[in-house]
Amino acid sequence: MNFFREYFIGDLIRSESDVLKQASIRLVYNIVSISVCALVVFFLIYLWKGFHYQLIKNVVIIFLFIGILYYIKGQKSITLVCHLLLFISWLNNNINIYLFDDFNFFIALLTVCNIIFAFHTLGNRAGILYSIAHFIPIMIHSLGKYSGIRLGSSQPQQLALMEVITTLVLVFFIIVYLIYHYHQAFELAKVNIRRSVEELRTAKELAEEMNRLKTNFLSNMSHEIRTPINGILGLSQVIEMETDNHEIKNYVKLQKQSGHRLLNTITSILDLSRIEAERSLLKLKVIDLNSLVRESILPLKGLAKNKRLAFSFESSSEKLQCLSDETMLYQVINNVVGNAIKFTDKGEVTITTMKRNNSHVSIAVKDTGIGISEEFLPRIFNSFEQESTGRSRSHEGSGLGLAISKKYIELLGGEILIDSKKDHGSTFEILLPAYKG
Amino acid sequence: MKRILYVEDDFINALVMQKLLKTDFDVIHALDGETCLEMLDKDKFDLILMDINLGKGKMNGVETMHQIRANPRTSNLIVITVTSYALSEDKDRFLREGFNAYIPKPVDRQILLETIHQYLD
Chain A
584 MNFFREYFIG DLIRSESDVL KQASIRLVYN IVSISVCALV VFFLIYLWKG
634 FHYQLIKNVV IIFLFIGILY YIKGQKSITL VCHLLLFISW LNNNINIYLF
684 DDFNFFIALL TVCNIIFAFH TLGNRAGILY SIAHFIPIMI HSLGKYSGIR
734 LGSSQPQQLA LMEVITTLVL VFFIIVYLIY HYHQAFELAK VNIRRSVEEL
784 RTAKELAEEM NRLKTNFLSN MSHEIRTPIN GILGLSQVIE METDNHEIKN
834 YVKLQKQSGH RLLNTITSIL DLSRIEAERS LLKLKVIDLN SLVRESILPL
884 KGLAKNKRLA FSFESSSEKL QCLSDETMLY QVINNVVGNA IKFTDKGEVT
934 ITTMKRNNSH VSIAVKDTGI GISEEFLPRI FNSFEQESTG RSRSHEGSGL
984 GLAISKKYIE LLGGEILIDS KKDHGSTFEI LLPAYKG
Chain B
127 MKRILYVEDD FINALVMQKL LKTDFDVIHA LDGETCLEML DKDKFDLILM
177 DINLGKGKMN GVETMHQIRA NPRTSNLIVI TVTSYALSED KDRFLREGFN
227 AYIPKPVDRQ ILLETIHQYL D
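Top to bottom, those sequences are chains A and B. Per my numbering, residue 584 is the first one in the first sequence, and the count goes up by one each step. Per my numbering, residue 127 is the first one in the second sequence, and the count goes up by one each step.
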């Protein structure tokens, strides 16, 4: 028995992860295979009794049912077979009702049986459909009979008592089996769900622990790097104070610049690695966008002035609010505006805030700088890349700023849009979900 | 000249601080929290600069600061932390603990002087 089951539905059961669907497959297989067994028994009886006509009919049906088993094996699906079985049973019911004018207790039981089967194997929608399909003919027949209309042409047939008892036992057994079969599957599914929840909880705790470790490691890393850099940069400042030698003063100044650049790069790398670990550390609050922008561009005014750029902020007249992390947003605005100044040699840098449709607020940073070529545009957010990487870098920086800004803004539920043309300047637009208080 | 006690476990950083501030302040160095408390018992200082990480297994800067605050004789002293813990949330964390001010490392002489003068003038 097991051999046949494995042969016909082994692969199908293993490919199905849902315990309830596995139960349906087993059920359909059981029905079809038990039918085949029963037919074989009848085949032997007919052979013994010498009923040739019945024998031929019997063989045809056996082949049909074996064909069904191969269909399940080949197609790896029981849907069509379920419909077929339901249709046959429905047809059988209706033949009994209309042809023999016989609606009795067994047909009622069989109808219940079919409906349960349809719901379990084919789902809710098919279940309701088959319920209606079963109910309507019975209803019409009963109403017809009530109004005295004879629908069937044959004489009503009465079953012998022995047949009644056998059929009753059989149908009763089928219904109990159906319910038992699925109840067992439900129990198993319940256990599985409980186990999955347990596993998920463990996985979540593990992930949180990993995050804690990562954050700790990065924080220690940052500490260990800053301590010696303090020695290097501190002594540079001491030398600068102590010496009157211009050449040495100049060297030390360069040394300081390198030190700061190293520090910036390391800070950025750490920031980038911390973003993932810190997802849970977001400190969200309602932010007044105009005042935050004003605050974040303040330290950059000097930079723009040194390069003789026109630097202006056009704030929207209406109040713009968003739910965001102030420190992160400050850093992003600072970075994007800083870039605009860095990559613009003459002309202007303009920052505009406004409402974009109803759901978003926008900070647009427009410059008249070197712009971004079409080829580089897709890589603009990559770490460590600057457009001039290949040749000599004309602009200082690690190329990490935008990568971080993008991650931050995504974390805050927004996006950064870029509109740029080589040698014609760029516009960076930061979009954030508006706060609706 | 006003006297500053600098608690720091790294000799090079202690030297840097002494030299950076020598034009304005007299900087005395304590190697760890315990030494700092002993020196405060014997001597008088106008301000304390406190590193946070003061060596493995020793009292850290936050604990030392709490001890200083717990002693009525020194509870009103200005304690500024100068630390390499310089991630975004660290500043808030240390100010909440009770430091008067926070200066991240690497230190900038200008910021250092401005911050200290703000409390001593």
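Simulated from the structure, these hints should not be mistaken for laboratory data. One thing to keep in mind: the hints can contain errors.
[As the list claims (entries may be wrong)] Here are the simulated DMTMM-like cross-link-like pairs (lysine to aspartate or glutamate), alpha carbons at most 20 Å apart as the crow flies:
(1) B:K184 <-> A:E807
(2) A:K832 <-> B:D247
(3) B:K182 <-> A:E807
**OP:** Below or equal to 20 Å on CA atoms is what counts here, so check K832 (chain A) against D247 (chain B).
**Re:** violated, 31 Å
**OP:** With a cut-off of 20 Å on the C-alpha distance, tell me whether K182 (chain B) and E807 (chain A) pass.
**Re:** holds, 13 Å
Subject >> Distance restraint between K184 (chain B) and E807 (chain A), which requires alpha-carbon spacing of 20 Å or less >> reply: With Cα atoms ~17 Å apart, K184 (chain B) and E807 (chain A) stay inside 20 Å; holds.
Violation of the numbered hints given earlier is confined to hint 2; every other hint is satisfied by the structure.
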